[in-house]
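Under my numbering, the letters of the sequence shown match residues 7 to 126, in that order.
One should not assume that every hint holds.
Mimicking EDC-like on lysine to aspartate or glutamate, the simulated pairs with C-alpha atoms at most 16 Å apart in a straight line are [claimed, not checked]:
#, residue 1, residue 2
1, 52, 38
2, 122, 65
3, 22, 35
Derived CB-CB ranges, DEER-like [stated by the list, open to error]:
#, residue 1, residue 2, range
4, 30, 70, 43 to 49 Å
5, 54, 98, 49 to 55 Å
6, 81, 25, 49 to 55 Å
Please keep in mind that the hints were generated in silico from the structure rather than gathered at the bench. The C-beta atom is built at its ideal place from N, Cα and C for all residues, glycine as well.
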Amino acid sequence: MICYNHPDQQACGTCKNCSKGICKNCTTDLGDGIACTASCVEDVRKLNSLIYRNLKVSDTTSKRVFIMPIFYMFIGSLLLGINLYLKKVDTFVVIFGVILILFGAYSLYTAVQLNKDDRI
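Whenever a hint applies, use it, and build me the whole structure from the sequences.
Set out below in structure tokens:
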């Protein structure tokens with residue numbers, strides 16, 4: 007690969023922002039990537055901060071994804087339990103409780119499958 011700015015030089019890498027081939031003279035090393043010009047330096051910094059924020063959010067979200075399915079199953083069980091305790095069969099409450107439990111179980115299953123995916 008040849009440097010975009012110096013056609014007589016071999017490129018040592020590509021700019022993280024614009025993907026142009028750049029030589030050692032054109033390179034600005036930012037630690038987590040290299041940039042070719044001053045305008046690309048700021049964009050590479052923004053890109054790096056975006057990546058770091060996404061990693062943090064992804065880590066916390068993957069743990070929180072289990073809260074709502076467990077809550078749905080708890081409320082569904084609570085509705086069924088109250089219905090049994092009162093020895094009163096209210097069809098709507100029973101159906102709603104079963105739907106909440108099934109929805110919670112399905113949501114929990116999909117959350118577990120999502121967290122198993124090691125590409126994320």
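Going down the list of hints, with the structure as the test:
The straight-line distance between the Cα atoms of residue 52 and residue 38 is roughly 12 Å, inside the 16 Å bound, and the hint therefore holds. For the proposed pair residue 122 and residue 65, the alpha carbon gap of about 13 Å is at most 16 Å, so the pair holds. Taking the CA atoms of residue 22 and residue 35, the gap is about 10 Å. The hint holds against a cut of 16 Å. The given range of 43 to 49 Å is respected by residue 30 and residue 70, whose C-beta atoms sit roughly 45 Å from each other.
Evaluation of the 49 to 55 Å hint for residue 54 and residue 98 yields a pass: the beta carbon distance comes to about 54 Å. Separated by about 51 Å at the C-beta atoms, residue 81 and residue 25 satisfy the suggested range of 49 to 55 Å.
In summary, this structure violates none of the numbered hints.
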